[in-house]
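With the hints as a guide, bring both chains together as one complex.
Just so you know, the sequences run in chain order F and X.
Under my numbering, the letters of the first sequence match residues 1 to 102, in that order.
Under my numbering, the letters of the second sequence match residues 1001 to 1128, in that order.
These are calculated hints, taken from the structure and not from any lab test.
Do not rely on the hints blindly, as some may be mistaken.
What the hints assert, rightly or not - Now the in silico label distances, taken between C-beta atoms and shown as ranges:
1) P66(F) <-> R1064(X): 22 to 28 Å
2) I74(F) <-> T1022(X): 45 to 51 Å
3) N1037(X) <-> K67(F): 32 to 38 Å
4) R1084(X) <-> G18(F): 40 to 46 Å
5) L1031(X) <-> T68(F): 45 to 51 Å
6) K1049(X) <-> I74(F): 26 to 32 Å
7) R1064(X) <-> E16(F): 18 to 24 Å
8) P73(F) <-> R1064(X): 19 to 25 Å
9) F14(F) <-> L1094(X): 40 to 46 Å
10) Q86(F) <-> A1061(X): 15 to 21 Å
11) P62(F) <-> Y1077(X): 45 to 51 Å
12) P1086(X) <-> A7(F): 44 to 50 Å
13) A1061(X) <-> T68(F): 41 to 47 Å
To be verified - Straight-line alpha carbon distances no greater than 30 Å define the calculated DSSO-like cross-link-like pairs of lysine-lysine that follow:
14) K87(F) <-> K1087(X)
15) K1035(X) <-> K46(F)
16) K1106(X) <-> K89(F)
What the hints assert, rightly or not - Covered stretches of chain X (in silico footprint by chain F; criterion: 3 or more residues with CB under 8 Å from a CB of chain F, positions within the stretch not fixed):
17) 1047 to 1053
18) 1061 to 1070
19) 1083 to 1090
Even for Gly, the Cβ is constructed at its ideal location relative to N, Cα and C.
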Amino acid sequence: MGALTKAQMADRLFDELGLNKREAKEIVDMFFGELRISLESNEQVKLSGFGNFELREKGERPGRNPKTGEEIPITARRVVTFRPGQKLKARVEAYAGTQSEQ
Amino acid sequence: MLCQGWGEDGGSNNDNNDIGGTMTKSELIELIAAKQNQLSAKDVELAIKTLIEQMSETLAAGNRIEIRGFGSFSLHYRAPRIGRNPKTGESVGLAGKYVPHFKPGKELRDRVNQSMHSAEVNPYEEPN
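Just chain X, same shape as in the assembly (with noise of 0.2 Å):
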């Protein structure tokens, strides 16, 4: 079971991985407590708690998650195949099985990918 899923997608090797830093979900609660000001911040941690947890369920019934301009969330098959089992080198069957995807919507990707051609300094852009 443990060494089950890596390198399942396949992420292509000679990508940057450059990022900037990471929002974790108690700041994101954290940020949209301090920009509104109807609800405590305990109400809004409950609320995006709730709507996380009401994705889980969405996809764990085996339903779609549409949102404009965001993206779609939904299930991939993924076919049964024969595994094995690094350390023995023993084969094993694994069943086929569902696995959430994410397809970003037009609009995250193009402002994502205009953000990367906008930067002050991109240092991993080829030199003219």
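Extracted from the complex, chain F is given alone in its bound form (with noise of 0.2 Å):
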């Protein structure tokens, strides 16, 4: 099975709990514009069970352009990063658990 997208989201929203079509690819559209917006107005965001989207604000550091060595400063900037609760983490755990060493 390849990635889940929106698209497959929608449908799921379509085949049980029967929401149309539209409304399906709006919800879906406003759960991911919502995190977005809350996350650029500088909002983090707990969705319990799932985890947490933190903003971090790193300072400028040295950084070196990869192709021709040249020294260039990465500025300062704000980023997201993600916290996985302690329910999401035990469920992929335990699929962990059910495959062999890669």
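As structure tokens, this is what we get:
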């Protein structure tokens, strides 16, 4: 099976909850849209049972152009990090237990 | 078990964590319910919980999630290692495992980063 996409998420709302196709697509778009708006408004998001989207501010640090070796500073920036919750971590680890070591 | 998991993300220590606030799942549900007019708040709640459950199931089955403009979720493998009980100093073998990982998409990365630079007053800005 390929990766889960918004289209499949909308299909599930249609199949399982009986939303019509337009409503289903709208809810999926709003879900990711509101997450994005929150994060770009400097607001973290906590989805209990899944995980937290956190914001970190990174100071400027020295960097290097990997092609030319030239030194160029990496400017200060704000980045999103995801911290999976205990429940999600436990479910994913259970998967690992069923796999042969890769 | 309880002492596992700390410090694995290795976030660097001198980052600022000046955050503006937090949105919870129930606030997100209320916000979406208020912004659309076809579904009841109960239906929106059920829909959002279904989406989150589907995302968890996908990762728990070892599959990826790819949301254009937002980012992708995948599993990263952590090799087996020797851990230590911080209380007793005793060594314990920890099996290899998979952990969920999120990589923000370019659009989300750019927008979040821009929001820092366009903030009216940024107390962390270097004086010129």
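Hint-by-hint comparison with the structure:
1. P66(F) <-> R1064(X): 22 to 28 Å: holds, 26 Å
2. I74(F) <-> T1022(X): 45 to 51 Å: Given range 45 to 51 Å: violated, Cβ gap about 28 Å.
3. N1037(X) <-> K67(F): 32 to 38 Å: violated, 53 Å
4. R1084(X) <-> G18(F): 40 to 46 Å: Cβ of R1084(X) to Cβ of G18(F): about 52 Å, so the range 40 to 46 Å is violated.
5. L1031(X) <-> T68(F): 45 to 51 Å: The hinted range 45 to 51 Å holds for L1031(X) and T68(F), with Cβ atoms some 46 Å apart.
6. K1049(X) <-> I74(F): 26 to 32 Å: At 39 Å between Cβs, range violated.
7. R1064(X) <-> E16(F): 18 to 24 Å: holds, 21 Å
8. P73(F) <-> R1064(X): 19 to 25 Å: violated, 33 Å
9. F14(F) <-> L1094(X): 40 to 46 Å: With Cβ atoms ~42 Å apart, the hint holds.
10. Q86(F) <-> A1061(X): 15 to 21 Å: holds, 19 Å
11. P62(F) <-> Y1077(X): 45 to 51 Å: This hint is violated: roughly 30 Å between Cβ atoms.
12. P1086(X) <-> A7(F): 44 to 50 Å: holds, 46 Å
13. A1061(X) <-> T68(F): 41 to 47 Å: holds, 43 Å
14. K87(F) <-> K1087(X): Holds, at roughly 25 Å.
15. K1035(X) <-> K46(F): holds, 20 Å
16. K1106(X) <-> K89(F): Roughly 25 Å separates the two Cα atoms, so the pair holds.
17. 1047 to 1053: Since 5 is at least three, the answer is holds.
18. 1061 to 1070: holds (count 10)
19. 1083 to 1090: It is violated, with 0 qualifying residues against the three required.
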